[in-house]
Amino acid sequence: MDALPLIALVAVSAAVAGAARRTPVPAPLVLVAVGLVAGYLPGVPMYHLDAHVVLPLLLPPLLHTAALDSSYLDLRANIRPVALLSVGYTLFATVAVGWLAYRIIPDLPLTAALVLGAVVAPPDAVTAAAIARRVGLPARVTTILQGESLVNDATAITAFRVALAAAVGEGMSWGAGIGEFLLAAIGGVGVGLLLMVPLHWLRTHLKEALLQNTLSLLIPFVAYAAAERVHASGVLAVVVVALYLGHRSWQVDFATRLQEAAVWKMVAFILESTVFALIGLQLPFVLKELGPFGVQDAIGYAAAVFLAVVVVRFVWVYPATYLPRWLSRRVREREPGTDWTAPLIVGWAGMRGVVSLAVAFSIPLVTHDGEPFPARSLVLFLTFTTVIGTLVIQGLTLPVLVRVLKLPHPDPQTVTLIEAQAQSEASEAAEARLRELLDDPHNSLPPPLADRLRTVLERRRNAVWERLGAADPVTGESADDTYRRLSREMIEAEREVFVRLRDERRIDDEMMRTLLRRLDLEEAAAYRETDGS
1402 MDALPLIALV AVSAAVAGAA RRTPVPAPLV LVAVGLVAGY LPGVPMYHLD
1452 AHVVLPLLLP PLLHTAALDS SYLDLRANIR PVALLSVGYT LFATVAVGWL
1502 AYRIIPDLPL TAALVLGAVV APPDAVTAAA IARRVGLPAR VTTILQGESL
1552 VNDATAITAF RVALAAAVGE GMSWGAGIGE FLLAAIGGVG VGLLLMVPLH
1602 WLRTHLKEAL LQNTLSLLIP FVAYAAAERV HASGVLAVVV VALYLGHRSW
1652 QVDFATRLQE AAVWKMVAFI LESTVFALIG LQLPFVLKEL GPFGVQDAIG
1702 YAAAVFLAVV VVRFVWVYPA TYLPRWLSRR VREREPGTDW TAPLIVGWAG
1752 MRGVVSLAVA FSIPLVTHDG EPFPARSLVL FLTFTTVIGT LVIQGLTLPV
1802 LVRVLKLPHP DPQTVTLIEA QAQSEASEAA EARLRELLDD PHNSLPPPLA
1852 DRLRTVLERR RNAVWERLGA ADPVTGESAD DTYRRLSREM IEAEREVFVR
1902 LRDERRIDDE MMRTLLRRLD LEEAAAYRET DGS
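1402 is the number of the first residue of the sequence shown in the working numbering; add one for each residue after it.
Wrong hints could be hidden among the right ones.
FRET-style restraints, in silico, Cβ to Cβ [to be verified]: (1) G1695 with T1424: 34 to 44 Å; (2) P1809 with R1733: 14 to 24 Å; (3) A1416 with R1731: 45 to 55 Å.
DMTMM-like cross-link-like pairs, simulated, lysine to aspartate or glutamate; straight-line CA separation at most 25 Å [as the list claims (entries may be wrong)]: (4) K1666 with D1654; (5) K1666 with E1924; (6) K1666 with D1921; (7) K1666 with D1475; (8) K1666 with E1609; (9) K1666 with D1470; (10) K1807 with E1736; (11) K1807 with D1740; (12) K1608 with E1905; (13) K1689 with D1508; (14) K1608 with E1911; (15) K1689 with D1451; (16) K1689 with E1609; (17) K1666 with E1923; (18) K1807 with E1772.
Keep in mind the hints are simulated off the structure, nothing from the lab.
Since this is a predicted model, take the numbers as computed values, not measurements.
All residues carry an ideal CB built from backbone N, CA and C; glycine is no exception.
Take these sequences, add in the hints, and give me the full structure.
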């Protein structure tokens, strides 16, 4: 097998995503657009989405990294809206979009229409996270969208299997369908619960960061494969394990956390970039398989299905937002109130993605009776146009909508004040512990080293408070900014000396790397990232 096309895909996707960061357009949309054009350029290989690759190999790490970055406590606090979207809306969209497609498209069997409904029902986890980060949605809206996208794939894939079984003639009854759904949901959560504690135990007992991060890379695949082996939901197993590990990541040593954050950031960037490019590259396959359906008729059906997908989401979101509050005093007391803007954003942020396309391509060519699967080529085309339509139309207009609505954002001063208060409490505890340790004769230190510990602690305590103070009138920097800049300049001067000594053969490369790593750790401690990149 020639690996060059795959390497080229990853390299070009990463380059395009990197360039897109310099533009106001979200990177996923740029990647999709480039993929659409590249699919027809001479010399570009044909990249075909395969559900047997996407679901077990690409989906688990993407879900894992999204869940690691999510907050278990925030998700638990918003479990009702998340469940209503990830389960209730996904099933409602499957039936509603499927029924509308059945009514709109002549000669489309209801079973095939329900397959289409299940395929286009779930908003995409990767898209939701990427767009939410770029447009700066309010924290609760982001939590709800991310929570929905983490779980809805499990609902949609199970609904797809039930609808597909009916479409190919396996005679799936409603009772059997409900039973399969419960098995997938309960089984997936159960597998995740069984795996999360021993996997976390392994992470905390492996002594080398390299081994711990090797395990970290294997975890999503292990959880997904274990759940699928018992016909449960691999998606739910991955999410449960990742939420638990993310919630307890503080119990892993600092070296592992630093390395793991860098590793997963790189993995997510490569996979997300490649996935969005692959979406655009599917256009030649979709048009080639359109077959007997006329392009003009197919475009009309695509517009109708796209509108159905958009409208059905709003039909669910607004009642699901307000009805529970009207009917339950407990909901009103426990959850913050909301106006019409939050459901509008949630309703419009329903971009579909690679999972829908991969599942659509997994539809078999023939039924159990040996007959061609009804309207398979049209289902593929409608899935593709729905994914592209939601990514382009909703993805491009969502940032504009957020700006027009002027949604509230956290006040930076308030956030900094909360951070400073938390740091102050932690510093007081550390100071008390330091006094206790220095009182023990077994911990005697020369006065300069003891003073250094106190100085570092004081520096950490004051750094956040200084960000609330006035900026330097000349440089515009706070004292904290100036401290970090000067510290970095000093470290850079040391780094240049080490390199010069290596070049003069006064130290060898191994010693230089040891010294540079020490400086890197000091720089990481002195210079905290402020832009979140």
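Structure-based check of each hint:
1. G1695 with T1424: 34 to 44 Å: holds, 37 Å
2. P1809 with R1733: 14 to 24 Å: About 20 Å separates the Cβ atoms of P1809 and R1733, which means 14 to 24 Å holds.
3. A1416 with R1731: 45 to 55 Å: Check passed, 52 Å falls within 45 to 55 Å.
4. K1666 with D1654: holds, 18 Å
5. K1666 with E1924: holds, 20 Å
6. K1666 with D1921: Roughly 19 Å between the alpha carbons, so the hint for K1666 and D1921 holds.
7. K1666 with D1475: holds, 22 Å
8. K1666 with E1609: holds, 20 Å
9. K1666 with D1470: holds, 10 Å
10. K1807 with E1736: holds, 22 Å
11. K1807 with D1740: holds, 13 Å
12. K1608 with E1905: violated, 36 Å
13. K1689 with D1508: This hinted pair holds, its Cα atoms lying about 21 Å apart.
14. K1608 with E1911: holds, 23 Å
15. K1689 with D1451: Roughly 16 Å separates the two Cα atoms, so the pair holds.
16. K1689 with E1609: violated, 51 Å
17. K1666 with E1923: Answer holds: K1666 to E1923 is near 22 Å, not above 25 Å.
18. K1807 with E1772: Roughly 54 Å separates the two Cα atoms, so the pair is violated.
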